[in-house]
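Protein chains in written order, with my numbering: chain Y, 29 to 232; chain A, 256 to 602; chain R, 4 to 374.
Calculated directly from the structure, the hints in this document are not laboratory data.
All of these numbers come straight from a predicted model, not from anything done at the bench.
Hints may be right or wrong, so weigh each one.
Straight-line C-alpha distance at most 30 Å; calculated DSSO-like pairs for lysine-lysine [to be verified]:
hint	chain 1	residue 1	chain 2	residue 2
1	R	189	Y	63
2	R	280	R	180
3	R	185	Y	37
4	R	280	Y	48
5	Y	48	R	180
6	R	334	R	292
7	R	351	A	410
8	Y	117	Y	146
9	R	189	Y	31
10	R	354	Y	31
11	Y	48	R	294
12	R	257	R	351
13	Y	146	R	178
14	Y	31	R	195
15	Y	37	R	257
16	Y	146	R	180
17	R	239	R	178
18	R	351	A	578
19	R	185	Y	48
20	R	354	R	92
21	R	294	Y	175
22	A	308	R	195
23	Y	117	Y	163
24	Y	175	Y	63
25	R	195	Y	37
26	R	239	R	92
27	A	308	Y	37
28	A	308	R	57
29	R	303	R	57
30	Y	154	Y	63
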Amino acid sequence: MKKLINGIKNLVIGLLTTGKHLGRHAITIQYPTQKWEMPERSRGIVVLLSDKETGELNCTTCLLCEKACPSSAIKIVYEKDEKGKRHLKDFIVDHGLCCFCGLCEEACNFSAIKLATKYEFSTYTKDDLLWHTNKLQEVGRDVPYEKVERKKPEAKPAAPQPTTATPSKPIAEKQSAKTGEAISPAEPEKNPELGEGAKPQEDK
Amino acid sequence: MELANIFKYLYQSLANSGLPQVWVDIIALVAAGLIVFGVLAVIALFLVWWERKVSAHIQQRFGPMRTGWHGVLQTIADAIKLIQKEDITPTNVDRPVFYWAPIIAFVAAFLAYIAIPFGKGLIVSDLNIGILFIIAITTFTIISLLMAGWGSNNKYALLGGMRSAAQVVSYEVPMVVSILPIILFAGTLSMVEIVEAQAKIYQWFIFRVPFGPIAFIIYIIAGTAETNRTPFDLPEAEQELVAGFNVEYSGMKFAMFFLAEFVNMFTVCAIATTLFLGGWQGPFLPSWVWFLGKTLVLVFLLMWFRWTYPRLRVDQLMEFSWKFLVPLSFANLIIAGFMKHSKWFNW
Amino acid sequence: MTASKALRTEEFLVNMGPHHPSTHGVCRFLLTMDGEVVIKAVPYIGYLHRALEKICENRTYPQCLPVLDRFEYCTSMSCEYAFCLAVEKLAGIQAPERAEYLRIIMVELNRIASHLIWFGTTALDLGAITPFLYGFREREDILDLFEMTCGQRLTYNYIRIGGVSRDIPSQFIPKAKEFIDKFPSKIDDYVKLLNENPIWVVRNRNVGILPPELALSYGVSGPVLRGSGVKFDLRKDDPYSIYDRFEFDIPTGKYGDCYDRYLVRMAEMLQSTRIVKQALEQLPEGDIKAKVSPQFKPPKGEVYSRIENSRGEMGIYIQSPGDSKKPLRVKMRGGSYNHLQVMPEIVKGGKIADLVAVMASMDIIMPEVDR
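With the hints as extra help, turn the sequences into a complete structure.
This is the structure:
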């Protein structure tokens, strides 16, 4: 009998608990008309950033982001001039492959690539997820960022061989030299790794 | 403003128009049927929307907001969508059974309203065995659920159909026995006379302590079980049987089950209003407003249950009915009989 | 003679899953049923196999972390944490103290978030829909904290080898404190809704009893093991990182049924808030990351590191060849795998509804099983 009364009491308590919420305001929002303010660090679509004054891309075609990408979503097409300097031809980001981890943004030394806070970019076909330089730049125009002017590695123009495009070498060495503990320096040997396998290597 | 007067006036003018009496009666009956059907269809659509709104607000959401004022036309949009959808008939179903099940569910859900008074004089037919008729008709739903479960040729559906059969049969007993004290005191089976027996508020059967409230609680519990709603929604337990008996149904057939379910819920609450809460009785407002208001309060109660409680297990469900509700309702009947006989309480 | 006249009954097979509302993903059970009673249940796994271990073997160590996020996506932070601890152990990297604190704050918040998912889905599996939404409501607050810090709500990629990726923003601490302060009152709501609710009690009490011996023999860990009365928590018994600096209790159950597992997890959420509170108070200033090159190569060797995840022991085994940026072999161990294996033993003879209740109380998450 006591059990019964207790049970009924608790059933009523349950009803009151849900009833308490009945009069409260909804915590959800009406999405397409109302939008959530994304936190500043939110990782949305990948965009290319341009210089505020000149309007040119910050990208120096160092290929660090392409290397850092775990899902091979970035593809950089470039050509080399006589001095071995790379010129960007096309910067392709496949948002269908992208896992929005932000490693490319961290790898970049020139504030050239960023995961913007924008998130609405669904398309009807998969091909539309493949963004080229123009679109990446256009979407990235109004993305606020602070340009981190890192010292350009001096060794950069003297890239060892034209075929092994590994500009990560000097930076990696520099970093490991600073910490100097338990970190093996990154040899720029030609690893048959995934990032490089997907690279176009357009030499002319 | 009593609606009954308007209908009476219409009937009178029809009778005075010179048609033979047979035709007048036929037209009046068909019109009454259509009106009840139309009203109930609107109520069912409204209830679906209301349920979504109640659940949304309990869960601090908005619920449907886009179609019409606060999404009030959402159910109509959904119904149109369901009509347009392809009506899939799986290959190995028992075709006639599969086809007829939703129709029976739909028709059975509406038939009960022949004998339910919506307001003073607002009743299709004041049967002198009204309550008996309603109980018989509402049990009809179980046949359709069983048919759906069997006809679908699906194991989940079969389990769901069997569960619903077992459940409805078990809960029919306490439900009927809990109604008996009312009949005992009202001395009639006619719904209208039962309502008239509760003219004053203290005469409402729910306030006739001790048997009234107990009977009311038993009736509401059994009614919840009968309409397959949480915490007794085992026949369509989503997490166990996917969708139970209507797992194979789609399109308009599914919509028919769905609407029938909501009409059934309204039926149970309407009967409870008539039997326990004085039906249409109430001051100031027109009688049909009172009836609707009281019924909707009960409907809200059922919705509140649904969005609060977990679900019972099938054996616990049976145990609760046979080991608790049935003895309690019989004890209640005995108390009521004793009270009636001793004339201690002569309302 | 009576036998021939008796009604012939027949067992039948039901494929519960892989697309079934309560199998939490794509688990499939082949049930042999006698009416409502489950005679035999055989789990079939592999529907969510994504070869995560193999993918890791083709990535550099920092690149593995986004993959690890997808290992057990309800507690991505823990997966990253386990992996980073393993690599750090292998390479002898010491994360700065502030980073250790941040990691623990994040992992414990993630544990609460994961338990909230469990709370919601368990209630949902037993038919109560509203607690599901309430659980997710509080989880949103935690995810907001995560998004504010690392930019994502599910696949964080926050804990890195040698530290964490970014420092917490300035609003983080006040918001986290606010959450920690209001969370117990929210738990109170859940308790009112379910704990003493007679329907909830009869659905969970004495259902799916897992005796401690059986649990240990199957390698069950985490809240499920503690629900069976075995007081074993890696945070206390094999303290990693700085867990020895915090005060918290390890709740245990008594009977090992679904209800005990429920109570253990509810109590664990409160214990986690205690840890987060202490960590926020003790949080030191300083560096957040030891410098680790993205191309670094740990020395040759192998390592196994384990942490207490919300679903039991999560272990990462790494074998490093010594001269490569990529691991030679990565093996992930998730608690759910063992929990799924022990289920057929304890659901036998129960109803199909009990199977659902047991599955919910085990808190199985399929990506962790299939990897």
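Okay, which hints does this one fail, numbers in order? Hints 11, 20, 28 not satisfied by this model.
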